[in-house]
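Chemist: All chains should be built: construct the whole structure from the sequences, respecting the hints.
For the sequence shown, the UniProt record's numbering gives the first residue as 1, with consecutive numbering after it.
Worth flagging that the hints you see were computed from the coordinates, not collected in a lab. One or more hints might be untrue.
Distance windows between CB atoms, simulated [said to hold, decoys possible]: (1) Glu113 x Asn33: 24 to 30 Å; (2) Lys216 x Glu106: 23 to 29 Å; (3) Lys165 x Lys216: 28 to 34 Å.
List of simulated lysine to aspartate or glutamate pairs, DMTMM-like, C-alpha gap at most 20 Å [stated by the list, open to error]: (4) Lys102 x Glu237; (5) Lys216 x Asp200; (6) Lys125 x Glu146; (7) Lys223 x Glu146; (8) Lys154 x Asp91; (9) Lys191 x Glu210; (10) Lys154 x Glu136; (11) Lys230 x Glu34; (12) Lys154 x Glu166; (13) Lys188 x Asp200; (14) Lys229 x Asp206; (15) Lys168 x Glu143; (16) Lys252 x Asp91; (17) Lys252 x Glu195; (18) Lys252 x Glu167; (19) Lys102 x Glu169; (20) Lys165 x Glu136; (21) Lys209 x Glu143; (22) Lys102 x Glu226; (23) Lys209 x Glu226; (24) Lys64 x Asp38; (25) Lys188 x Asp206; (26) Lys252 x Asp179; (27) Lys223 x Glu234; (28) Lys216 x Asp38.
Ideal Cβ positions, reconstructed from N, Cα and C, are used throughout, including at glycine.
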Amino acid sequence: MQQQQPSPFTPTIHSILGDLVAHYPNSAPTLLNEESIDYCCGGQRSLLESVGNDSERAHQVLVKILSKEEQVQQQHSKKQEENFLTMSAQDLVNHIIEHHHKYLRENIPKLSELLLKIYTVHTGKLLQQQQQGNAEETRRSIELLENMYRLFMKLSTELLIHLVKEEKEIFPTLVQYLDGKQHRVESKIMKDFIEGLLKDHNEAGDAIKELASMRKVLPNYCKTVELTKKLLVEMEENLYIHVHLENNILFKRLV
Numbered sequence: 001m002q003q004q005q006p007s008p009f010t011p012t013i014h015s016i017l018g019d020l021v022a023h024y025p026n027s028a029p030t031l032l033n034e035e036s037i038d039y040c041c042g043g044q045r046s047l048l049e050s051v052g053n054d055s056e057r058a059h060q061v062l063v064k065i066l067s068k069e070e071q072v073q074q075q076h077s078k079k080q081e082e083n084f085l086t087m088s089a090q091d092l093v094n095h096i097i098e099h100h101h102k103y104l105r106e107n108i109p110k111l112s113e114l115l116l117k118i119y120t121v122h123t124g125k126l127l128q129q130q131q132q133g134n135a136e137e138t139r140r141s142i143e144l145l146e147n148m149y150r151l152f153m154k155l156s157t158e159l160l161i162h163l164v165k166e167e168k169e170i171f172p173t174l175v176q177y178l179d180g181k182q183h184r185v186e187s188k189i190m191k192d193f194i195e196g197l198l199k200d201h202n203e204a205g206d207a208i209k210e211l212a213s214m215r216k217v218l219p220n221y222c223k224t225v226e227l228t229k230k231l232l233v234e235m236e237e238n239l240y241i242h243v244h245l246e247n248n249i250l251f252k253r254l255v
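Modeler: Have a look at this one:
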């Protein structure tokens with residue numbers, strides 16, 4: 001089965017977020033993150049919809065994306081940028097595994113250890129300080145630390161299982177199908193697989209947003225907390241791009 005060549009893309013405020021990120025990978029992810037616009041699980045919305053149909057704000061965001069992209073391209077004019085839209089399915093899968101699956105496997109254990117350390121150490125300190133402070137405030141602070149650790153462990157377990165499912169079952173079948181080595185009668189089976197993965201992605205996206213909300217209100221008790229928050233932001237950004245590449249580029253090729 002021959003892959004169709006991507007048609008020319010003209011960006012507007014009505015463009016789908018996933019398409020903007022696919023065509024402007026050097027600028028759109030960073031700028032959309034700065035604007036708190038979800039482009040991975042919410043990647044099928046238009047830019048205009050994502051800002052509550054505020055056309056002025058949508059235009060401002062679009063101008064920033066195009067301006068930043070032009071700057072980056074000028075800075076790297078002699079360097080061939082990776083083009084995920086025209087990359088073969090196998091190469092795209094390899095990139096996802098090498099840059100995103102590998103990242104999660106390396107960083108989940110680090111963050112798990114750090115979050116447990118923060119919970120253990122600062123729960124003890126908060127309880128010791130309780131006599132000098134507000135008991136209700138202490139309870140809420142300890143609850144925040146506990147909930148962050150619980151949520152991260154739940155999310156990380158689901159993510160690691162999800163990676164195995166993709167690498168051992170979904171990706172090999174998907175690549176064969178897109179390369180024309182699987183009969184088209186199996187297209188419904190593939191789409192059912194993808195629907196399951198999209199559900200996983202949506203659930204992970206919700207958990208990441210909840211974790212980010214907790215991170216933003218977590219006080220910088222110590223350098224370990226500061227490092228952990230920095231690593232959590234890094235993981236959020238990596239995961240957003242990871243999900244975008246699958247939802248909005250790889251899986252879209254089945255349509």
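Chemist: A separate judgement is required for each hint: does it hold in the structure or not?
Modeler: Hint by hint, here is what the structure shows:
1. Between glutamate 113 and asparagine 33, the C-beta spacing of about 26 Å keeps the proposed range 24 to 30 Å intact.
2. For the pair lysine 216 and glutamate 106, the supplied restraint of 23 to 29 Å holds, since their beta-carbon distance comes to about 25 Å.
3. Taking 28 to 34 Å as the suggested C-beta distance range, the pair lysine 165 and lysine 216 conforms, at roughly 31 Å.
4. Our distance criterion of 20 Å between C-alpha atoms is met by lysine 102 and glutamate 237, whose separation comes to about 15 Å.
5. Between the alpha carbons of lysine 216 and aspartate 200 the distance comes to roughly 24 Å, so the proposed pair goes past 20 Å and is violated.
6. Under the criterion of a C-alpha separation no larger than 20 Å, the hint pairing lysine 125 with glutamate 146 is consistent with the structure, at around 14 Å.
7. In summary, the hint linking lysine 223 to glutamate 146 is supported, as the alpha carbons are separated by about 19 Å, within the 20 Å threshold.
8. Note on lysine 154 and aspartate 91: the hinted pairing is violated, with a Cα-Cα distance of about 30 Å set against a maximum of 20 Å.
9. At roughly 29 Å between alpha-carbon atoms, lysine 191 and glutamate 210 are farther apart than 20 Å, so this suggested pair is violated.
10. Between lysine 154 and glutamate 136, the direct Cα distance comes to roughly 27 Å. Violation of the 20 Å bound is thereby established for this hinted pair.
11. Under the criterion of a C-alpha separation no larger than 20 Å, the hint pairing lysine 230 with glutamate 34 is consistent with the structure, at around 15 Å.
12. Under the criterion of a C-alpha separation no larger than 20 Å, the hint pairing lysine 154 with glutamate 166 is consistent with the structure, at around 19 Å.
13. With a C-alpha separation of about 19 Å, the suggested pair lysine 188 and aspartate 200 falls inside the 20 Å cut-off, and the hint holds.
14. A hinted pair counts as satisfied when its Cα atoms are at most 20 Å apart, and lysine 229 with aspartate 206 qualifies at roughly 18 Å.
15. Restraint check: the Cα-Cα separation between lysine 168 and glutamate 143 comes to about 38 Å, which exceeds 20 Å; the hinted pair is violated.
16. The straight-line distance between the Cα atoms of lysine 252 and aspartate 91 is roughly 16 Å, inside the 20 Å bound, and the hint therefore holds.
17. Restraint check for lysine 252 and glutamate 195: the C-alpha separation of about 12 Å stays at or below 20 Å, so the hint holds.
18. For the proposed pair lysine 252 and glutamate 167, the alpha carbon gap of about 18 Å is at most 20 Å, so the pair holds.
19. The hinted pair formed by lysine 102 and glutamate 169 meets the criterion: a straight-line CA distance of about 17 Å does not exceed 20 Å.
20. Our distance criterion of 20 Å between C-alpha atoms is broken by lysine 165 and glutamate 136, whose separation comes to about 43 Å.
21. Using a Cα cut-off of 20 Å, the hinted pair lysine 209 and glutamate 143 holds, with the two alpha carbons roughly 18 Å apart.
22. At most 20 Å may separate the alpha-carbon atoms for a hinted pair to count; lysine 102 and glutamate 226 exceed this at roughly 24 Å.
23. A C-alpha spacing of about 19 Å is found between lysine 209 and glutamate 226, which places the hinted pair at or below 20 Å, so the restraint holds.
24. The hinted pair formed by lysine 64 and aspartate 38 meets the criterion: a straight-line CA distance of about 17 Å does not exceed 20 Å.
25. Using a Cα cut-off of 20 Å, the hinted pair lysine 188 and aspartate 206 is violated, with the two alpha carbons roughly 27 Å apart.
26. Only pairs whose Cα atoms come within 20 Å are accepted, and lysine 252 paired with aspartate 179 is accepted, the gap being roughly 14 Å.
27. Between lysine 223 and glutamate 234, the direct Cα distance comes to roughly 17 Å. Compliance with the 20 Å bound is thereby established for this hinted pair.
28. At most 20 Å may separate the alpha-carbon atoms for a hinted pair to count; lysine 216 and aspartate 38 meet this at roughly 17 Å.
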